[in-house]
Amino acid sequence: MVDVLELAAGNRTDSGQLVIALPKGRLLDEARAYLERAGFGLRDGENGRQLVLPSAAAHVRYVLAKPSDVPVYVEYGACDLGIAGLDVLREAQRDLLEPLLLPFGHCRLSVAGPAGRADRPLRLEPNPRVATKFPRLTEAFFRARGVSAEIIELSGSVELAPLVDLADLIVDLVQSGQTLADNGLAELRVILHSQAVLVANRAAWRLKAEAISGFVAKLRRTIEE
Amino acid sequence: MSLESSRHAQWPLPQGVVDLVYADAVNKRGLETALRACFHAWSYDELISPTFEYADTLASEAGTQLAEEMYRFTDRDGRTLALRPDLTIPAARVVATRLADQPMPLRLFYVGSVFRYEAPQAGRQREFTQAGVELIGAGTPAADAELLALTVEALQAAGLGQFQLALGQMAFFRGLLAELEAPAPVLSALQSAIDRKNPADLAAVLDQATASEPLRRAFSALPQLNGGPQVLQQGRAVCVNPAMQAALHWLDALVELLAAYGIVHHITFDLGETRGMAYYTGITFKGYTPGLGSSVCSGGRYDDLVGHFGRPQPAVGCALWVDRILLARQRQGWQPASLAPDLLWTAGACSDCLRLLLSLRRRGLRVELDVTGADLEALSRRATSQGTPYVVECRGAGAVALRSQQGTRRLTLDELAAEAAAW
Numbered sequence: 007m008v009d010v011l012e013l014a015a016g017n018r019t020d021s022g023q024l025v026i027a028l029p030k031g032r033l034l035d036e037a038r039a040y041l042e043r044a045g046f047g048l049r050d051g052e053n054g055r056q057l058v059l060p061s062a063a064a065h066v067r068y069v070l071a072k073p074s075d076v077p078v079y080v081e082y083g084a085c086d087l088g089i090a091g092l093d094v095l096r097e098a099q100r101d102l103l104e105p106l107l108l109p110f111g112h113c114r115l116s117v118a119g120p121a122g123r124a125d126r127p128l129r130l131e132p133n134p135r136v137a138t139k140f141p142r143l144t145e146a147f148f149r150a151r152g153v154s155a156e157i158i159e160l161s162g163s164v165e166l167a168p169l170v171d172l173a174d175l176i177v178d179l180v181q182s183g184q185t186l187a188d189n190g191l192a193e194l195r196v197i198l199h200s201q202a203v204l205v206a207n208r209a210a211w212r213l214k215a216e217a218i219s220g221f222v223a224k225l226r227r228t229i230e231e
Numbered sequence: 009m010s011l012e013s014s015r016h017a018q019w020p021l022p023q024g025v026v027d028l029v030y031a032d033a034v035n036k037r038g039l040e041t042a043l044r045a046c047f048h049a050w051s052y053d054e055l056i057s058p059t060f061e062y063a064d065t066l067a068s069e070a071g072t073q074l075a076e077e078m079y080r081f082t083d084r085d086g087r088t089l090a091l092r093p094d095l096t097i098p099a100a101r102v103v104a105t106r107l108a109d110q111p112m113p114l115r116l117f118y119v120g121s122v123f124r125y126e127a128p129q130a131g132r133q134r135e136f137t138q139a140g141v142e143l144i145g146a147g148t149p150a151a152d153a154e155l156l157a158l159t160v161e162a163l164q165a166a167g168l169g170q171f172q173l174a175l176g177q178m179a180f181f182r183g184l185l186a187e188l189e190a191p192a193p194v195l196s197a198l199q200s201a202i203d204r205k206n207p208a209d210l211a212a213v214l215d216q217a218t219a220s221e222p223l224r225r226a227f228s229a230l231p232q233l234n235g236g237p238q239v240l241q242q243g244r245a246v247c248v249n250p251a252m253q254a255a256l257h258w259l260d261a262l263v264e265l266l267a268a269y270g271i272v273h274h275i276t277f278d279l280g281e282t283r284g285m286a287y288y289t290g291i292t293f294k295g296y297t298p299g300l301g302s303s304v305c306s307g308g309r310y311d312d313l314v315g316h317f318g319r320p321q322p323a324v325g326c327a328l329w330v331d332r333i334l335l336a337r338q339r340q341g342w343q344p345a346s347l348a349p350d351l352l353w354t355a356g357a358c359s360d361c362l363r364l365l366l367s368l369r370r371r372g373l374r375v376e377l378d379v380t381g382a383d384l385e386a387l388s389r390r391a392t393s394q395g396t397p398y399v400v401e402c403r404g405a406g407a408v409a410l411r412s413q414q415g416t417r418r419l420t421l422d423e424l425a426a427e428a429a430a431w
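Protein chains in written order, with the numbering used here: chain A, 7 to 231; chain B, 9 to 431.
Among the hints, a few may not be true.
In silico contact screen, one side only, chain B against chain A (beta carbon under 7 Å); selected entries [to be verified]:
#  : residue
1  : G86
2  : R87
3  : Q172
4  : A174
5  : K205
6  : N206
7  : A208
8  : Y296
9  : G301
10 : Q343
No lab work stands behind these hints, which were simulated from the structure alone. In this text, a Cβ means the ideal position worked out from N, Cα and C, and glycines have one as well.
Please build the complete structure, drawing on both the sequences and the hints.
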């Protein structure tokens, strides 16, 4: 607890300290490996359950957060920087800087439907029921085609929805397409090509300019290598 | 559920508005007073404009986003009114109409609530207070410098020690944008990519707009053009027309003046700063302070806004977000003054006591007279719990008991008056 309080106070007053939000789950392993190569590797806590972790560099600390929470932590300035998937970022529509695309976490946000679905344009669907974890991007996609879709927001296992006739279509992340195929679904349209992005808080960008530009420069060099 | 909490549920507040009481109210008024004093010392005069006006007036120059965020309602004669979303537009209207024949430049300030129907995002309320200044009728770098120096002074008067102003130049960006022939959605995607400093999106939009190589270089450089005054030198390399060169010359002159004011260390130059009110035509700036992820003030030059309402005047202004400053200040460890009364007094109907009590109040002591018939013991318990240092009980015939840290003593009213003079 003391460590957390000290973290909050230090982050406010010391312009050399950086607190960086990392997404738990899909992106974490690749993010860790990449940060390690850049010289900012994570140092695990003793019990492996700590949420605030030190790094190989004394001025950098990490916070592990749920992926969709990363943009929130950074927008409010609780963290100076964060790593998030472009999919999560566009869905969250938070007011952030996006200074660097990172070379991992590639996937697609796609519309998928039953593999046996008749081949016709999505814009001819009268009122499709679409299950997704990405309601904003889904609605924007269908609205741009003049389709009034019924968005069914789920928080997991979206590909189940067409199987039990909860939805006609789904919008979900696709990496290899294997999960879709296993569930008798086919990818119909790509909404967004996603990858990991470094995001920055607008105030921290000014107030911690030196520390942040040093960090970003090292990450950029690591990509170029 | 307790009775109390069910009452809160019965009389809820709409989202985005707050009740302030005790230290929160005192802090806010105190900050407003400090800012008024600062503006006054720089020879700015207060403008008190109406809370609502015709929606057409407010929406005309506000830019689409602000216009969409206005609270609108209908007057009895069927005309649409709106709560002001901003205080610069009313100021521009007043200057162009009622004050059009005044000798220029005019220096005006305001402190008041503005109303925006905003999606809940970091630190945003729907009613919030802005304190701002407008310098109208002077289209010079000196006017911009005064505004920036006054903003620095106001943030210091507000109790913020550490802050940075990110200074952009809309004329530089517009000069570059004028070279690109592309449909409006492409241009706004371009502005958005630059605003987010996203190099990949920027490259994609430039592909779409089929920008020439020199333009491509210039646009791609924008997100990197931020830092100290050397940025202006780097900006020169991407100039493609006289408008952009003139915009940089303006900043050169401004830097010299900012150095004279001794405030260059508070300024970060950012030629990729492309957001802000649609009416900005020259410099734009936003202020940031530790403890808050969003800006605490924003301002800029708006040479075309006044002319929309009547006689044109160049103008530059800045609005400070009072509520955000309060939040940042609190997170930086600001200690508000105590609200506990200096003195609790139980006097009954003793006119000698009441006379002394009134004279102490006139001297500025915060004195609370008991109206419940409590005795010295009961008052002392309250005093201890709320941090009031002195308790007085009338003992009749010009005598009182004074309870303080030194214990309880019997004094005459004259002795009490003499002692209280030192509190």
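*Can you give the numbers of the hints that this structure goes against, from lowest to highest?*
1, 2 and 10
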